[in-house]
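Kindly produce the complete structure, drawing on both the sequences and the hints.
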Amino acid sequence: MTTPPIIYTENKNLSWLAQAANFEKAVRRKTKFMLGKILGSVVGGVLDKIGLGKIAPFVKLGLNALTGNWLGVAQDVFGMVSNFKGNFLGKAAKQPPLGGFGQSLMQGKSALNENRISGLFKGLSGLFNAFKSLGSGGNLMGSIGKIFSAFNVVKESLQNNQMVNNRISVAQFTNARS
Amino acid sequence: MLAEQQTIREELGISSAEFTEMGNVGAMYYQQGNLEKARTIFEGLVELDPQSADAHSALGALLTLQQQDEAAIGHLQKAIELKPEQIAPYVNLGEIFIRRQKLEEAVANLKKAIELDPDEQDPGANRARAMVLGIYQVIQADNKATDEIGLESEKIN
Chain S
1 MTTPPIIYTE NKNLSWLAQA ANFEKAVRRK TKFMLGKILG SVVGGVLDKI GLGKIAPFVK
61 LGLNALTGNW LGVAQDVFGM VSNFKGNFLG KAAKQPPLGG FGQSLMQGKS ALNENRISGL
121 FKGLSGLFNA FKSLGSGGNL MGSIGKIFSA FNVVKESLQN NQMVNNRISV AQFTNARS
Chain P
1 MLAEQQTIRE ELGISSAEFT EMGNVGAMYY QQGNLEKART IFEGLVELDP QSADAHSALG
61 ALLTLQQQDE AAIGHLQKAI ELKPEQIAPY VNLGEIFIRR QKLEEAVANL KKAIELDPDE
121 QDPGANRARA MVLGIYQVIQ ADNKATDEIG LESEKIN
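Protein chains in written order, with the numbering used here: chain S, 1 to 178; chain P, 1 to 157.
Derived by calculation from the structure, the hints in this document are not laboratory data.
Please read these numbers as outputs of a predicted model, since none were measured by experiment.
Glycine residues also receive a C-beta, built at the ideal position from the N, C-alpha and C atoms.
Check the hints yourself; a few may be wrong.
Said to hold, decoys possible - Now the stretches of chain P that chain S is said to cover, found in silico as 3 or more residues with beta-carbon under 8 angstroms:
(1) 9 to 15
(2) 20 to 29
(3) 47 to 53
(4) 60 to 73
(5) 85 to 94
(6) 102 to 115
(7) 123 to 133
Stated by the list, open to error - Once the Cα atoms are required to be at most 30 angstroms apart in a straight line, the calculated DSS-like pairs of lysine-lysine come out as:
(8) 54(S) with 102(P)
(9) 83(P) with 91(S)
(10) 94(S) with 111(P)
(11) 91(S) with 60(S)
(12) 54(S) with 111(P)
(13) 111(P) with 146(S)
(14) 111(P) with 155(S)
(15) 85(S) with 112(P)
(16) 102(P) with 49(S)
(17) 102(P) with 60(S)
(18) 146(S) with 102(P)
(19) 49(S) with 91(S)
(20) 111(P) with 85(S)
(21) 112(P) with 49(S)
(22) 155(S) with 94(S)
(23) 94(S) with 112(P)
(24) 155(S) with 122(S)
(25) 112(P) with 83(P)
(26) 94(S) with 83(P)
(27) 112(P) with 54(S)
(28) 132(S) with 155(S)
(29) 102(P) with 83(P)
(30) 102(P) with 94(S)
(31) 85(S) with 102(P)
(32) 111(P) with 49(S)
(33) 83(P) with 146(S)
(34) 83(P) with 85(S)
(35) 91(S) with 112(P)
(36) 94(S) with 54(S)
(37) 111(P) with 60(S)
(38) 132(S) with 146(S)
(39) 85(S) with 54(S)
(40) 102(P) with 112(P)
Given below as structure tokens:
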């Protein structure tokens with residue numbers, strides 16, 4: 001549904017919150033049906049539903065602290081809400097989203113294995129020794145230290161996966177024989 | 001020795017698929033709540049390839065969850081600089097700015113995340129929508145005394 005343009009005239013005699021309420025009413029007149037439907041389904045603390053109940057007081061403090069472009073903020077908020085389409089709450093991330101990692105589960109053959117990680121450790125050791133002999137600064141050594149630690153955790157995870165896979169194979173073999 | 005601008009990732013010949021798989025291991029730990037291991041991996045990936053938007057975004061998200069806002073902002077802004085079309089960093093900056101009571105910046109970032117996902121499919125952008133709805137509700141609660149018109153939803157329910 002496309003939202004028609006919202007006509008609102010600023011009244012400087014009112015507080016910004018009162019003006020925001022008036023602006024909201026202007027939005028509602030245009031979109032009351034859909035807005036009612038969305039709000040009707042989320043009564044009871046929308047921020048709680050995404051694990052952010054604790055930040056609600058900060059929203060209130062932030063609103064009270066707004067001195068500049070309050071109308072722009074109100075317009076943005078009401079405009080966005082009036083354009084929401086459906087029940088997105090059920091599909092909302094419950095913690096801060098990572099971005100590219102973890103979006104697609106590993107499918108097919110894994111790019112990493114223990115041999116490859118061992119090779120990477122050797123390569124990193126070579127780099128470390130080269131930098132050390134050249135007397136490179138602490139930043140680079142710190143970087144290599146963090147990479148070593150990351151490789152260790154990845155290696156540990158791969159070993160755990162291998163152990164699980166071995167157990168599954170043993171169980172399947174045992175079941176097949178019995 | 002590393003050539004100028006060459007990353008340790010390139011020096012070690014780590015492919016894009018391998019790098020992403022390491023990131024996915026970090027994501028698995030993050031989703032399991034093992035933040036220490038997830039952080040170790042994401043920090044290592046940022047050092048391996050400081051030009052990876054995914055690595056900066058993931059570390060920024062984890063730091064957002066741990067409320068280490070200053071450090072998180074740096075990584076999230078770097079992620080946006082490297083890959084402006086990625087949704088997650090805007091969502092997390094929105095959360096941080098709400099926590100810091102900077103509503104204008106928060107709303108601007110949440111708006112950007114929502115605009116990048118017009119079909120309401122991305123879980124991160126939907127989290128941004130939920131935050132906007134939360135702000136809306138707080139404004140409404142503040143205005144209840146002056147509000148004469150009942151919501152259609154209140155009439156329906």
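task: Sort out which numbered hints this structure fails and list those numbers smallest first.
output: Of the numbered hints given earlier, those the structure breaks are 13, 14, 18, listed in rising order.
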